[in-house]
Each structure stands twice: as C-alpha cells, then as structure tokens.
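Asks: Since the structure of chain A is provided, determine the placement of chain B on it from the hints.
Sequence lines, in order, name chains A and B. If you count by our numbering, then the first sequence holds residues 1 to 253, one letter each, in order. If you count by our numbering, then the second sequence holds residues 1 to 664, one letter each, in order.
It is worth saying that the hints were derived from the structure and are not from the lab. Keep in mind it's a predicted model, so treat the numbers as computed, not measured. Just so you know, even glycine gets a beta-carbon here, dropped at the ideal spot from N, CA and C. There's no promise every hint is true.
Per the computed footprint, the stretches of chain B lying under chain A, defined by three or more beta-carbons under 8 Å from a beta-carbon of chain A, are [to be verified]:
| no. | region |
| --- | --- |
| 1 | 463-470 |
| 2 | 553-564 |
Listed below are several chain B residues computed to face chain A (Cβ distance under 7 Å; list not exhaustive) [what the hints assert, rightly or not]:
| no. | residue |
| --- | --- |
| 3 | I256 |
| 4 | N411 |
| 5 | Y525 |
| 6 | P528 |
| 7 | F532 |
| 8 | I533 |
Label-pair restraints from in silico Cβ distances [stated by the list, open to error]:
| no. | chain 1 | residue 1 | chain 2 | residue 2 | range |
| --- | --- | --- | --- | --- | --- |
| 9 | B | R467 | A | Q42 | 53 to 61 Å |
| 10 | A | N242 | B | R506 | 15 to 23 Å |
| 11 | B | D357 | A | S46 | 46 to 54 Å |
| 12 | A | Q42 | B | Y416 | 44 to 52 Å |
| 13 | A | W125 | B | T371 | 32 to 40 Å |
| 14 | A | N230 | B | A519 | 30 to 38 Å |
| 15 | B | R506 | A | L75 | 20 to 28 Å |
| 16 | B | Y525 | A | W125 | 18 to 26 Å |
| 17 | B | D384 | A | W125 | 42 to 50 Å |
| 18 | A | D231 | B | E356 | 51 to 59 Å |
| 19 | A | Q234 | B | A519 | 32 to 40 Å |
| 20 | A | Q234 | B | Y416 | 33 to 41 Å |
| 21 | A | L75 | B | A502 | 17 to 25 Å |
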Amino acid sequence: MNGVKCTGLALCTGVMLLTAPLYADIPYNAWWQKANKFYSEQAYDSAAFYYEKLAAQQPEGVEVYYNLGNTYYRLNRIGPAVLNYERALKIDPGHKAANDNLELTKSRIANRIQQPEDIFFVAWWKSITASNLATMWSVLSLVLFIFLLVLIWLRKTNFMSCFPFALTPATLFLFILTILFAYAASGRKVAKNRAVVMEQDAPLFQGTKTSGTPILIPEGTVLSIEAEENDRVQVRLPDGRNGWMRINTLERI
Amino acid sequence: MSRFTYMWRLSLCCLLIVTGCKAWAQNAVFSANVSASKIGVQDQLQVDYRIENVSNLRSVSKPDFKDFVVVGGPFSSQSSNISIVGNKVVQSQSLTHSYVLQPKKTGNLVIPPAFAKDAAGNTYESNAVAIEVVNGSLAPRQQPRRYDPFDDPFADPFAAMMQQRRQAMQQRQQARPQAQEVVAEDMNDVYKNLFIKVFVDKTKAYVGEQITASYKLYARVPMNVAISKLPSLNGFWTQDFLIPNRGNIKPEEEVIDGKRYQVFLLKKSALFPQQTGTLTLDPAEAEGHARIITQVRQRNPFGGMFDDDPFFKQFGSLMMSDPFFNDDFFSTMAYKDVPVKLKSAPVKIQVMPLPEDGKPADFGNAVGTFTVTARADKNELSTDDALTYTVNITGTGNLKLIEAPKLKLPNGLSTYDPQIVDTITGRTTAISGSKIITYTISPNLPGDYEIPALTFSFYDPQAKQYRTLETTPQKIKVTRGKHQNAPIATSQSLTDIHPIAAQPLRKWKAQSKPLFFTAGYWSMYAAPLLAFIGLLAWKRREDEQSKDQVQLRKRRANKIALKRLKTAQTLLKQNQRAAFYEEISKAIWLYLSDKLNIPLSVLSRDNVQDTLQQRNIPSDLMTRINDTFTACETALYAPTSGGKQMQETYNEAVYIISKLEETL
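In isolation and in its complexed conformation, chain A is listed as follows:
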C-alpha cells in the first residue's frame, strides 16, 4: 500500500514538474500581492524573493522591476537597485517614479562617476528613439507605406490631379524616417550592451586586459559593453574612459 502511495505521489510530482514549465500557469498575481505585502511589512528580503521570481519571467510591465528596485534600495543594495530601475526604464523610459528613484539611488553611490549631459541633438535622438516608442514608429511606418502605395496607384490611374505634386516624395521621405526611428527604437529595446556594476570597487583594467593598476569602479555604475572576449568585456565608463572588466562583476540590463 505504502509503496503504491509513494509511487503515485512521485508520479504526480513528476507530472506536475513536467507540466509546470509547459503550461506556465504561474500564480503571478498571488506572488505579486505577497511581495507587496512583505514590502509593506518591511520584510524586504522576502519581498525581493517574490519579486525576483516574477522578474525571472521577464514581464512586459515596468511594475515588477520598479518594485524590485525599491526593495533593493531599502535593502541598501545599490547595484541590484540600479539594475532593476534601469530595466524598468528600458521598458518605459518615461516612468517618472523610476527615474526619480534611480537618480536618488545613484546619488548614494560613493565616488560616483558622473555622466556628462548629452548635447541637445543626442538627447533628442534618444528621446525620439526611446524603446517604448518602437511599436508606434513601426505602425506609423507601415501606415505610411500603405499610404504611399495608394498614392502611387492613384497616380497610375490618372487621379493625381486632385493632390499636390510633392505629396508622394514627402510621404516617401516620412516613411524612410519612421522606419529608421522604428529600427533604432527596436534596437534599443533588444540591446544588451548596457550593464550595471554589481560589486563594490570592481576592478577596471586600462590598456591590457588583466594587468596594471586597476581603477576601482563603484557598485551601481552603469556602463556600456563594447566588446566581449571569454570572461572579459571591454566597457566604456559614463565619463568616456575605456577598459576591460571581468564579466562576472557586471549584470546586463
């Protein structure tokens, strides 16, 4: 009897284990509510555990990353806090609360490496090709494309006399522009070339990859990855300096 029960149980568990990833019926809202409750009770460790479980599913919304960032901020872990705020902002660059909190978190970094302000047109380009605008640009370019085809057709069938002559080239120009924006914005959305330093005083080697006196990079610094080679990556610091770092000191956004 007992043996049979055990087998049944094992079977059941096995089936559950197999089916879980297949059907992925994860109790998102239950985890979410649990995590929020723990957070409000200031049990930040437990809150972080559930938020991390949710974040592992790579949700589309910003809330999970934002809340996880807050939790790590409360736990005084600058690196993970910056990482999660950055991830939230990657999804929605206009998220005001996340922006504010990130700024506050970054202000707590000791010996913070300051990023110079972007020149105005770089800032424009960045705001135009923000990742949350990717879909908008994509749809707009599609609409413009169809509009362009209609114009050409009308022209073919001698109905053009009702439209100004420059309409077709203007539409073509706009179409090229929007498709460019859509490409840049979508590229930003999938890009994995930005990373956060997760260790305090992570060494950065200038010149050669391993030797020389390293520069110590504070935890929470956001840098961009230029090249990758085995367990080393070439990074560029916010202030423009280059160097090599161990990949395990970083976490990609």
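Replies: Quick look at chain B alone, frame taken from chain A:
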C-alpha cells in the same frame, strides 16, 4: 624687596651708632597711637609707638600686652628730616614701632606704655591708651584693608615690605619653639607655609558637564614661585578662565587653623569630562625659591651668644637685655633662599554617563544650556552660485565637544564638510560662547527647495533632562545659471524613493520581441505591396486587352459594313424600302461606333460630329455623312421616294465608308 628691607635695617643700626656720638638738644617725644578707640573683640588693632628726637637710642622694650594677643609686629620704621630754621640746621628723626593686636576680652582695656632707653641712660615712657572692646566685630570690612598692602596708608614698596616683614614675623612667632633648631627643619616649615591646593566645585559630574577647578598657592613666607608643570588633564576638555594680569595679582588672605595665608590663584579652569569612570586631576607642580628666616646666629651681629663677634662685643650687653632687638628684630634679619618644589594633591572626579532614558537619536554630546539659530545668506540663487547656511549654537557648556548637527539636504543640493568656528566669549563663572557652523551649499539643479529644519539636542545638567531645539526650515529658489543645461530638478526635495506600485498586475505578458523584428510585421508590408503589384499587373493586362478589342473592331468594322451593304443591295433589288434604309443607317452607325470606339448607346449625331472633327475629317465628307443620315431618317417616315433614290443612298453609303476607311 627683602634685600631692600635688609638694607634699611642695617642703615638704621648705623644711624643709631652714628647719632649716638652726638648730643642733640631737642625735645624727645614718645607717644602711643591706636588705629581705633572702640573695636570689636574679633577686630584687630594697630598700635604705633613713636619716638621722636631721641638720639642714641639703644632699645625699645616690648610692652606687656596682657589683654591682647600680638598678631603682628613689632614693625619698625624710621624717618628723618632735615630742615633749616633761620640759619640753623634742624634735624629731626623718628622711630615707630607698630604692633597688631587682637583683644582677648571685651570691656575697657588699656594698651600699656612702651619704654625706650638711649645711650645716655635716659628712659622714656610713652603714654598708655584706653580702648573699648565690644562683642563681635565693628569693622569687618576694614579688617582686611588694614593688611592690604595696596590700601595701606604707607602704600608703595615700603608698605609691601612691611607686609612681608609682618608675614615673616608672624611665621617666626609661630615657629618659635623650633626657632633655635637647625635649618633642615625649616624645610618642613616651608611646605607647611607654602603649598598648592586644588579646589573643584563638584566631584561627581556627567560626561560633558562643566567642573570648575582652581589651583591656588598658599604662602606665608616670601617666595618667588612659578608653575613648572601644568596638570595634564587627561580625559577632559579644558578651558581656562581668565585670571587678571599676573603683574597685579592681589593676593587674598585666608585663615587656616588660625594661620593667615596669602592665597594666589594660579590657574582656574573649566573641565569638561569626555569619558566616564573615575578621572584624576593630576597634580600641578611649581618650582621656585622661598625666603625663610632662620636663626643663623653667626650672621646676627647682636646675637648675644657669639662673644667673638667684635660688633657684638661693642653693643652686646645692651642688646642682650632687650627682648625686642634680640629676639624679634635683629635675630630675624638672617634669612635664606631655599629652593622649593611644590606639588598639589591629585583629585579624583567621578564621571557618570549621561542617562540613556529619553536620549534623542541625534544627540551630539552637547551638555549645558544652548540656543540654536540657522540662517541662509540668500533665498534666491542660480546654479552657478553657492549659498552659505550658518548654524549658530550659543550658550554655556562644552561648546567645543558638540558635534555639528547633520544637515539633511534634499536631492539636488550638495554640501561639503562644514566650517566650524568656536568662540568662547565668557570666562567668568561658566564657559560660554558660540559655535558657528557654516555649510556651503551648492545647488546642482534648478528648482524650488527647502532646507529642512535642523534639530539640535543637548542635555541640561541642571534640569537633568534632554532638550531638543529645532530651527525654522528655509525655502530657497534656484534658477538656472549660465553654465547649466541640465533638466530642471524633476522632483523637488526628494529625500526618499517613491512608494512601490501596488495596484494589481494588468494582463500578465512576458516580454516579446519588438514588432519591428517580427515576421508578422514585415508580412504586413508584403501584403499591400503584393496586392499593389498584382493590381498593377492586372491593370496592365486589362489595358492591353481593351486595346486589342478596339483594333479588332476597327478591323472588323469595314467587313461588317460591307456585309450590311451587301444585304442592303439585295433589299434594293427586292425593293423593300424600310428594311433597306434601316440596313444602310445601321451599317454607318455601327461602323462609326467601332471605328471611333464609342459605344452604340451613347452614340449620337453630335458626338460623332465632335469626334470626327477631332480626327480631321474633311467637312464635305461630314456634310455627306449628315445628308445620308437625314436621307435615311426621312425615307423611313416618308414612303414617296422611288428606286432611283434608293440606289443613290446606297452609293453614298459605300462612298462614305470607303472614304472613312481611308482616313480613320
């Protein structure tokens, strides 16, 4: 000073000797004067015996003060003046012996007369003075004055010498039993008569509470002492009180065990203990010389026991019989400077920790009574500018040990380590002053900010409780400077993170590829594009096809026309008029329809004429076409025409079609 004293005493002796050789016929006066005729039993009284114009004075006896205690004296002073009266030189001189007396009882007492002898053997007697002694003290304030060298009627250095002399005498009298002993014993005396004492106002204190410590030098002998080692006050922050300029220290007098001491304040400090436990005030040390008066007989010219002294031999017998000269005056002229090392006794102070109960979180070790104010030097500034924020803590207590209160600045404002200036203004009874903490605040981003209220806590040892003060918060406005192009501060004075998002999750969706990189998106492009291309192709084929049809009809038009004309010819032979004309008109109409690519339905005489005119058909042909149409129409409704007319119409139709075939 003492040297000078010595000098004048010697000169007195010489004078006595010299004047002894001459005879002066002047009136001798010997009088006793008292400083007050009515005194309290606790008061002291000064008696002066003054001898004038007695030459060759040998001795002045000490009166027997039965009812009095000799507190000081005898002090001798001598004066002489030479005046010219007429043509005669008159020299007068006087010698005064003074005693300080304290009555033993109340009532009417008599100060006995004194006796003086001159070399000639004359004895002079002074008058006796009666005084009244009452209970208590009549002149409590006057009493010290009499001893205060600076207020002394004699005044000046001489008075100071008197003072020291008096002091020395007093000491000698007290030390009389040992006076005949050796010098070494006097060293012990020195330390009895010269020592340093430490006074603290409390021996139990809280950490940071002020303790006042005074280092006092007690002296009964002339001395010249300087502090050689200040006490090392480990565990305390010390702040010295102001001591009046050392040049004119006025020694106070203090009586300990009936002995009168001059007290000099060496050092007075406020001590603020910095640690708990039992702390020790290390001794203060002083070094210098004390002048002690000894019975060094070989130096005493009148000391009776030294028979071999020639000077003594001359006057010895006389001196020996006189107690004053022998004991009190000349024998004390011997003195000795001995080096002394003084050391105060260590004092233990028990320091208690401040009570934990009710201790504010931001307590910064301040103990005392304070007020705090804070002020920014401007309310409006640009990002290129900086602001000075001054916190002023004023009061009494351990000012220097106070930690600067922490400034919690909103995000967007930054500051560096503050400048701290401590100013001690009051040093009289308690250490008071102010601690000025200056923060330089530089704004990073434009916006409206508020410098939050600063809290400052201190422990009030009098009230035995903590107090917390708060400054007023200050609003400042930061405008954009010339060198600033950063965005405006997004959130003014954000000091903490925004709260978490707590609303339930919207539709759960995992992150997906951006639309741009999906096949579906590009198929959305492909679909209209393909449709467009298809449409284009279809239209082209359609165009081709319609073109072909026109050509065909054109080609077939002549054939059809000829066929209809053939039928018309047959009908002409059978003489069927109606059918013939119908066939003729049909032949022409259909031909035109096909040739001109105008559907039959819209075909009319007008549009045929327009189209033919466009195609440059000669006008006579046009007229003939029109005439044929008219002929056909009239023939159909007018049955009068004969066979000849029908032949003409046929010929016309053949001509028109052949002509049109040539031009079209």
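Asks: All hints, please: hold or fail.
Replies: Each hint, compared with the structure:
no., hint, in the structure
1, 463-470, "violated (count 0)"
2, 553-564, "violated (count 0)"
3, I256, "64 Å, violated"
4, N411, "6 Å, holds"
5, Y525, "6 Å, holds"
6, P528, "5 Å, holds"
7, F532, "5 Å, holds"
8, I533, "10 Å, violated"
9, B:R467 with A:Q42: 53 to 61 Å, "31 Å, violated"
10, A:N242 with B:R506: 15 to 23 Å, "41 Å, violated"
11, B:D357 with A:S46: 46 to 54 Å, "35 Å, violated"
12, A:Q42 with B:Y416: 44 to 52 Å, "33 Å, violated"
13, A:W125 with B:T371: 32 to 40 Å, "57 Å, violated"
14, A:N230 with B:A519: 30 to 38 Å, "34 Å, holds"
15, B:R506 with A:L75: 20 to 28 Å, "27 Å, holds"
16, B:Y525 with A:W125: 18 to 26 Å, "25 Å, holds"
17, B:D384 with A:W125: 42 to 50 Å, "28 Å, violated"
18, A:D231 with B:E356: 51 to 59 Å, "53 Å, holds"
19, A:Q234 with B:A519: 32 to 40 Å, "34 Å, holds"
20, A:Q234 with B:Y416: 33 to 41 Å, "35 Å, holds"
21, A:L75 with B:A502: 17 to 25 Å, "19 Å, holds"
Going through the hint list in order, the structure does not satisfy hints 1, 2, 3, 8, 9, 10, 11, 12, 13, 17.
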